[in-house]
Every structure is written in structure tokens, then in C-alpha cells.
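Starting from the structure of chain A, add chain B where the hints point.
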Amino acid sequence: MALQDTMLKQLSEAAGVSGAEDEVRQLIYDTIKDHVTDLRVDTMGNLLAVKKGTGKSSLKVMVAAHMDEVGFMVTGVDGEGLIKFASVGGIDPRILPALRVHVGKDRTPGVITWKPIHLSYKEKDVKKTDSFRIDIGADNKGAAEGKAQLGDRITFASETIALTDNIVRGKAFDDRAGCAELIELVKGDPFPFDLLVAFTVQEEIGLRGAKVAAQALNPDVAIVLETTAAHEVPQDEDEPDITTVTKLGHGPVITYMDKASIAHPGLRKAFVRVAGQLGIPHQFRSPQYAGGTDAGAIQTSMAGVATITISLPCRYLHSPYLILDLNDFQNAVKLVRATLMQLSPSDLER
Amino acid sequence: MKQLIKKLVEAWGPSGYEHHMRELIKEEIKGLYDDMFVDPMGSLICRVGTKTDSNLRIMVAAHMDEIGLMVSHIDRNGFLRFTNIGGLMPSTLNGNRVKFENGVIGTIAVENMWGKMYELPKLDGFYIDVSEGLNGDSGNKNAPIQVGDPAGFHRTFEERGNRLVAKSMDDRIGCAVAIETMRKLKQLGCKHEVYFAFTVQEEVGLRGARPAAHGINPDLGIALDVTGTGDTAKADHMAVALGKGAAIKVRDGGMIVPPAVKNLMVDTAEKHKIPYQLEILNGGTTDAMAIQTAQSGVPSGCISIPCRYVHTVNETVDMVDVQASVDLLAAMLSNPIEGVKPV
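Taken in sequence, the protein lines are chains A and B.
Position in the first sequence (from 1) plus 12 gives the number in my numbering.
Position in the second sequence (from 1) plus 11 gives the number in my numbering.
Just the calculated beta-carbon pair ranges, DEER-fashion:
no.	chain 1	residue 1	chain 2	residue 2	range
1	B	Lys-127	A	Pro-293	39 to 45 Å
2	B	Asn-123	A	Val-138	27 to 33 Å
3	A	Pro-293	B	Leu-145	28 to 34 Å
4	B	Trp-125	A	Pro-293	40 to 46 Å
5	A	Val-245	B	Gly-114	35 to 41 Å
Rather than coming from a laboratory, the hints here were simulated on the basis of the structure.
Keep in mind it's a predicted model, so treat the numbers as computed, not measured.
Quick reminder that beta carbons are idealized off the backbone N, C-alpha and C, glycines included.
Chain A on its own, in the form it takes in the complex (with noise of 0.2 Å):
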């Protein structure tokens, strides 16, 4: 599988900072709108869809990835021209020193101020991302607000590249590569059951879509698909011995348990038995230091759900450039959609 096989330069290039999805919803609602029905842009903005099944099963199954991306925020311009801004979402302010970026819908190019190295002196530590502006090359204060408008969006400038055959660079694959995934499931076969199907909104500030279209949709199951952080790097000497178990190419992730939800067991052994018939590389990831994805939000609506996380390896997340290993991709949708072809109402028994 090639980058041009996938949505995923296109999906990862669009602009959707949470609570500002609209690009990435378009394109999404533009590839998926033949092959669904009941097609629908809810209040807060989730895209929300239905896969006609063959009718065998009458489970209702949720498969769900978060459109969002992490960002900026305009949240005003100083007298010099120089933007200010805030965080949408966890970013390190450790990496935004000399980043580019794109301001607002017309995607004004930008860089990160940094002092450079003939100018700095003892400056060591981190500074805090308030400390920061963006340069646009405004002269004047009123050059600047005429091109960033507070509440507009900033994206990371970063293009979508093949780095090998099958690894991949660029911005936003949490989670767009989760809803190249979907649409992979979305555009194949029917399975035994309608597919409840939502690109969700949010999720990088707390969850906030997934939680109404779960509530909307109320599912017996759902899948969430997502991303999560590779590590392969060498280790400082002093840093203590908790290496990431997650590797690049060792394929898709099944989550026992993160900070915001524990997966169904019947689920994982579901995911776990079908991986290991159709020999699909997998593998589990590491309990510690680990974020929430959209199933803390979904088990616990309404009655409760059946809820597991399905994870790609991915380096370098929260940043402009993640890396993934387009294997990976192709097994994880092998792996859930041939999940989902079985899934019976035994797996979910307690």
C-alpha cells in the first residue's frame, strides 16, 4: 500500500483544529456520501453516518475517529505585528521554537519566534508557550489583525510525504489516519450488521464530540480507532528503565486499558483470537503514561458500551511530523473490519 492508496494526504493536510473541523468534515462527507445513508452533521459538528449491513445481525456496532487535530488559537496581536496565541489541545512547548505554521482559513504562512544562537546566551530552559509569537512579516499591528482574527486557527505548515515505500511523514495523522481507517471500512464490503459510523469533533480537548454521538448513535459496541505513541529512540542514561512497548511495523495496537477507559474483554480476546487466525501482526501497548482516547467518553454513555480501543503506532504525536508505517494502516483495517465480519453477541457476554 502506497500514500496516493489512502486518504491520508489529503485528510492529514486539511486544516481542523477541534471545534474547527469543517475542512476535514467536507472532504470526509464529500468520499463517504455514496456509500451511506442517514448522512448527518450533528449540533456539535460530528459527522455521523450509517453502512447499510446485509441485515444478519441485528448489533448495533459504532466505529468512531476524531477529525480533530491539536493546534493554536489566535488570541490577539501585540504592538510589534507579532501574533499571540494559546494551545488547542497537549502540545509541548518545547518543540514550537523556529515551527512554521498556517494562520486562519487563508492559511497566512508563519514562523514561531525563537532567538537565534548568535543572540542567545545561558538560555537553557523551556520557555512557556505564552512566552511565544507567531511571525507573519507583519510590519504593524494592524497588518497583523487584518490576517489573524482572534479565535482564528493555526495548523502546523507541514506536507504529507512518503518518507520510504510504506512510511509516511506529516501533521495530524492522530487521528486522521483513524479516519482513513474508517472511510477503508466504510467504502468495503457490507458487514452482518448496519455500521453506525462517526468522524467525531473534540476529542483533543476533552472528549467533547464523542460523547454526544455516542448518546445520538447508542450502540451495543464500539471501535474506536486511533493512534498511539512509538518510541524507539535511544534512552537517556539516567531516564528510568519504562521503554514504550509499541514499535513502528509491528502492527495495530489493542488497548487493554488507558487513562480514560478499560477495554471490554470480550472484546479484546474477540480482536486477539481474529489476529491471531488470519496472522495479522498486533501488538498491545504500554497501560503507563497513557492519554484517553474517544472510548472513555462512549463506554460510559447512556447504559453503557461495549468499548475497545484499536491504536497505529505513530512517532513523534502532537507534532508537525508524525511518522506511521502504511503496514500498520492496512493490517489495522484487515484486522477490524475482519473482526467486525465475526462479531457475534457471545463476545460481548461479561
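The following block gives chain B in isolation, referenced to the frame of chain A:
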């Protein structure tokens, strides 16, 4: 009842892995309910009594899960590194024993123990030793334990006069109160449609009680859970003590009990001469918080069992308080209730 408590507290069941507890409780409550089901989250829900025009649908919640830990990584030497399930206190870890579902006993140790005698490391400074001495590793790279395996603490139940000491009194003692109340209702008769919900995943954020309450949609919610006490050395100021009776919650970190619900409990205790005390807990909360805000809102309260050393393996309760909690709950459920709807 002490035999029941011993069985419950010694059972294995960290949050998300309550299945052994669920089976154990199913055995204990045979013949005590009219209907039973397991909800999608895994909570065991038992109905006693029937709804009529003049009575209430009441949810009684006690959580089956216990705090524990989960293996996050097996290090270079074969020692298990772990993350918390629920509110694990680092000061309780070194020297403790844990048990995995397959029966393997692990011992928790701390890196460079003597060099860090007076320090309290973070979680990643601890490890679990499951070595068997059967291969060349200092740890055990071949242990039948994988990343993702959960463990609970391993400790026996002890009795000391009126005091009961064990791991996981939080909230197996609440489960025991619920079961004993179900037994008592057999004799007294149940005046309401009562759903005894043995909930899951309380320790990781009330994740079981909210969906359970959504499904039951009760008129009144009552949680049974432990609360802290103010009767130990340099304890936080708190007017709850062991042995002074069932603690009727007024408020905690997550909820304000509607006065009507609190008054119902107080009046019932007064009328039946059941020892009680009022509880104001500064931090922490219970399933009652999740029930209160489920659906369009449920008047909810909590009968708390005072407990010293919560979240350690020596959680200590007093039999006087346990019995008072059973008596209070049974008295409420076996009599008509008026006036708990809108505050």
C-alpha cells in the same frame, strides 16, 4: 456475616476485572432477588420488589472493584514495571505483595532500597519481582505475566475485637452490607422496587455507576461505600469515628446530598434507634455522585462505612458500623418513603 466479609475482601478483582467478584456475589445472593442481569459495563444488577403507584424505584450501589495495578513493561532484567489502577499510594507499595489472575504472587520492591531509605519514589521507581530462580535472569523474563496483566493486593482478612482489618474493605464491605440487607429484606419484606447494583470501575472514576443508573433510571439513589475517619493521629479534621454508627453523608468532594435524602436517613435511624453519625468528607466521592447526575437527575445519598487507612492493605472498619449500615438500609427499604423527590 464475617464469613461473607472475609470471602469478599479476599477475592481478586481490580477495576475492569471484576468477573470473579461477580461470580462470587451471584453465588451468595441465590434466592434473594426477583430478577438479575449483567449490564454492558459488567455491573451485576438485582431487582428486589415491584414498582407500584405508591412506592419508589431505588438504586442501591456498592462497587465490586478494588484498587490495583497493571503491568506496563517488563524491564531489561525481567522485573515488572507497572501503572496504577485507581488511587495507588506510593507510601504503601514497598514490601507489599500482589497477586495476578493466574495466581502468580509478586513482591513489590523499590530501586536502590537502602540508598533511598528516606525517599518516597514515584511509581516508576518501584518494580514487581516474580523471579523463580530457575533461569539465568535476576528477574524472570519467562514469567507467565504479560504487559497489560492486572494485579490486586494479596492480604488475608483479620479480626481484632470489633475491628475488621483487610485489603479492599473499599468497597467489599459495601457489597457485604448490600447482600446482608437483601437477606434481611427476605424477612422484613421489601416495600419498594429496589435495584441492588454491584458496580464496576468505581476506583477509576465512577465509570460503572453512571451507565447503571442510566439503565435503571431510579427515583432515589443510595451508594454504600467507605469513608475516611478523623479519629487517628494528626488526621484531617473530620467528625467521623470508628464504632459510632453508620455515617450518613451530607456532602463530599463530588456531591451535596439533598436535605430530603439526608433527613430521610437521619429520621429512619432515629426512629429505629440505629447508631449513626453525619459525614462531611472533604476529598473523594462515591458512586452516589454519578447516580445523582444520571438521566435527568436522581435524588441520591450515601450510607458510608467509616474506615481507617483507606487504599492500604489494612483498611479497618468496625462491626458496629457495619451492622448499623445494614439495619439503616433495611429499615429504609422495608418502610414507605415520602418526600424525597424534588428537594
